[in-house]
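Okay, here's what each chain looks like letter by letter:
Number of protein chains: 2
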Amino acid sequence: MIKKVITRAQSNWTKAEGPHHHIVISSRIRLARNLMKLGMPVFQKESDGFSVLQKVKNAVETISCEGKEKLYFYQLQEIPHLERQILLEKHLISPEHCEEGVNKGLIISEDEVISIMINEEDHLRMQAFFPGLQLDKAWELANQLDDALENELEFAFDSKKGYLTACPTNVGTGLRASVMLHLPALSLTKQVGRVLSSLGQLGFTARGLYGEGTEATGNLYQLSNQITLGQTEMDIIQNLTTLALQIVEKEESTRNWLLKENPLRIKDRVGRAYGILQNAAILTSQEALNYLSDVRMGVDMGLLKGLLEQDNLSELMVLAQPAFIQKYMGKIMDAQERDEVRARLFNKKFQKGGKYNVFQIHTTRAACSFFGWRRS
Amino acid sequence: MIKKVITRAQSNWTKAEGPHHHIVISSRIRLARNLMKLGMPVFQKESDGFSVLQKVKNAVETISCEGKEKLYFYQLQEIPHLERQILLEKHLISPEHCEEGVNKGLIISEDEVISIMINEEDHLRMQAFFPGLQLDKAWELANQLDDALENELEFAFDSKKGYLTACPTNVGTGLRASVMLHLPALSLTKQVGRVLSSLGQLGFTARGLYGEGTEATGNLYQLSNQITLGQTEMDIIQNLTTLALQIVEKEESTRNWLLKENPLRIKDRVGRAYGILQNAAILTSQEALNYLSDVRMGVDMGLLKGLLEQDNLSELMVLAQPAFIQKYMGKIMDAQERDEVRARLFNKKFQKGGKYNVFQIHTTRAACSFFGWRRS
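Going line by line, the protein sequences match chains A and B.
The first sequence maps to residues 37 to 412 in the working numbering.
The second sequence maps to residues 37 to 412 in the working numbering.
Please note that a few of the clues may not be correct.
Just so you know, same-sequence chains aren't split out, so a pair can sit in one copy or run between any two.
To be verified - Using 27 Å as the maximum straight-line C-alpha spacing, the simulated DSSO-like pairs for lysine-lysine come out as follows:
(1) Lys296 with Lys367
(2) Lys296 with Lys384
(3) Lys384 with Lys40
(4) Lys341 with Lys385
(5) Lys51 with Lys384
(6) Lys341 with Lys384
(7) Lys197 with Lys73
(8) Lys93 with Lys40
Note that these hints are calculated values from the structure, not bench results.
Based on the sequences and whatever the hints tell you, model everything.
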């Protein structure tokens with residue numbers, strides 16, 4: 037099953053669906069849980085780690101999360117490094133969980149909506165991903181999963197503090213709710229820093245696709261709650277939803293203002309990005325994401341009608357990533373070679389003379405032999 | 037006849053012909069001459085200016101320059117300002133000659149190979165333009181014209197100093213020989229400054245398409261002799277030809293080195309320029325010339341096979357200019373509107389889905405009415 041996850045650029049939750057999907061790429065709920073009487077991963081005896089892994093595996097095999105897909109269990113050691121990097125690029129595991137280590141586990145649903153990291157910072161970090169602004173639905177699913185697992189497992193819980201976690205910032209609800217926003221107009225008009233810096237006072241934080249900092253690659257910003265204690269899950273989710281809606285509105289009004297004030301400036305930006313993706317011979321991952329952001333804005337604004345769809349752009353955002361492109365080509369490549377191959381792939385994807393083709397990853401003969409797969 | 041000159045982007049001498057035309061855009065010979073007993077233009081009585089104009093006009097009507105086209109006479113006052121600017125953009129008159137002033141004249145051949153400015157800095161400045169590196173041919177033609185005119189007119193000549201001119205730097209032969217070189221590889225590798233700065237010692241000078249300075253718009257550099265005294269015309273022409281050949285060789289070897297050392301870097305540069313010209317919505321004249329330079333290099337290097345020809349690029353270099361584009365569109369436009377229209381025109385010219393169409397200027401109804409022409 038993991039092979040499917042690793043060879044497709046599109047996940048269920050990256051589809052352009054859900055409310056406000058033109059600006060809110062995805063909604064994520066993550067719950068941190070730990071098992072009683074077993075050491076936390078950072079100071080863990082190997083036997084404890086093994087116990088956690090087995091207990092969680094067994095629990096997942098037992099529970100039935102009604103209407104949900106089957107969950108698949110993997111030890112991360114089984115998964116080659118490059119493939120772990122793809123899971124990271126798809127936000128299914130964290131950078132820490134991608135590193136070598138014993139007793140690290142992953143449970144994942146085929147549609148990639150549910151994933152559970154085992155023995156990351158906490159014993160369990162379960163997450164539910166939904167496209168668009170659907171924190172409530174993601175919460176509903178994560179909550180069901182949490183309840184089902186709690187029937188099988190004894191979670192460390194304090195009647196005063198709530199769920200106990202490795203890091204004090206997660207104690208309480210153990211909830212991290214987050215939304216990924218695409219904010220090209222706020223970036224272009226240099227408003228994004230001001231808008232996002234005010235989040236801190238409200239108990240929320242923003243970071244780019246790859247770490248802190250105000251200017252983010254591809255104009256993608258991840259907003260999440262900082263506080264997990266003293267607020268109910270519903271409060272956190274409602275507050276973040278309200279905040280996200282405000283930012284969506286600000287981004288929308290800025291886009292409209294830009295279109296009204298200086299439509300050519302936007303058309304020019306979008307057009308050049310399109311032209312470069314179509315014709316460059318060298319393309320870094322960061323550049324690709326930035327130009328994709330411009331093109332996505334153009335599609336959203338109706339400036340590139342009929343040429344591209346948001347679904348394609350979401351796929352291309354994954355294809356732009358270093359590990360995925362190596363998988364796609366079926367060989368390990370250094371940065372220089374990747375930049376070359378990425379350019380060729382994007383040139384092809386953006387070729388004129390017809391509607392943009394939906395991106396279908398195909399397992400090449402070379403890829404199969406390299407990764408030891410059977411060709412399907 | 038002047039309407040033809042003003043409405044076509046291509047001149048005979050801008051065609052991609054002649055030796056080394058991939059690097060040497062054109063060769064020009066200019067001769068400065070003054071009539072005896074009449075004041076130089078800078079301190080000229082109006083009656084003297086009128087005399088000069090009449091004498092030259094009559095002389096040109098009398099002479100027969102065997103095998104040469106008919107020469108046409110114009111008073112510059114008759115030509116609207118925008119059209120004078122086009123003559124300037126086509127290098128047929130100088131910036132000074134483009135300005136308002138009485139008794140300024142222009143004589144021009146239909147193929148634009150010969151042009152004579154009357155009452156510019158000197159009474160006569162006759163020039164002959166040839167495509168590629170053909171200073172000898174340009175000289176032959178200019179010399180014939182000079183001899184023919186000298187039979188009709190009494191030129192100011194000193195047996196020791198040679199031809200007398202307004203500016204001492206032209207005294208002697210009155211000859212300015214120049215070549216226009218396209219040096220993208222030397223620019224890209226930051227060698228152009230070093231290569232061109234050594235010219236001074238040899239009695240030559242280089243300047244960009246628009247003035248001094250080492251980095252030139254569109255990587256176009258004009259090389260010409262500084263010394264007109266103490267050397268025969270043939271010496272000057274041979275020395276400049278030798279020098280141009282050396283630079284051509286240096287540019288060629290640098291192109292080859294670039295293609296061998298890092299072909300992707302070149303393909304990337306050429307591809308991006310192509311993509312931007314095809315998709316930008318705003319394009320300044322300078323940007324257009326710079327991207328055209330990259331594309332031209334790509335065509336020369338065989339990287340854009342079948343898509344474009346050098347002839348088209350020469351035309352587009354003229355079309356990129358502010359005055360010409362206004363003429364083309366048949367209306368006066370400010371810089372912002374020009375940048376928009378220029379982008380649209382270039383988008384169209386670089387459109388895919390077929391071979392690049394040879395650029396044919398067509399006189400629109402609007403243009404005709406604006407300039408008071410009859411439609412042909």
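Hints versus structure:
no.	hint	in the structure
1	Lys296 with Lys367	between (47 Å within a copy, 25 Å between copies)
2	Lys296 with Lys384	between (33 Å within a copy, 25 Å between copies)
3	Lys384 with Lys40	within (23 Å within a copy, 43 Å between copies)
4	Lys341 with Lys385	both (16 Å within a copy, 21 Å between copies)
5	Lys51 with Lys384	within (22 Å within a copy, 34 Å between copies)
6	Lys341 with Lys384	both (19 Å within a copy, 18 Å between copies)
7	Lys197 with Lys73	within (17 Å within a copy, 107 Å between copies)
8	Lys93 with Lys40	within (21 Å within a copy, 84 Å between copies)
The structure fails none of the hints (numbered hints given earlier).
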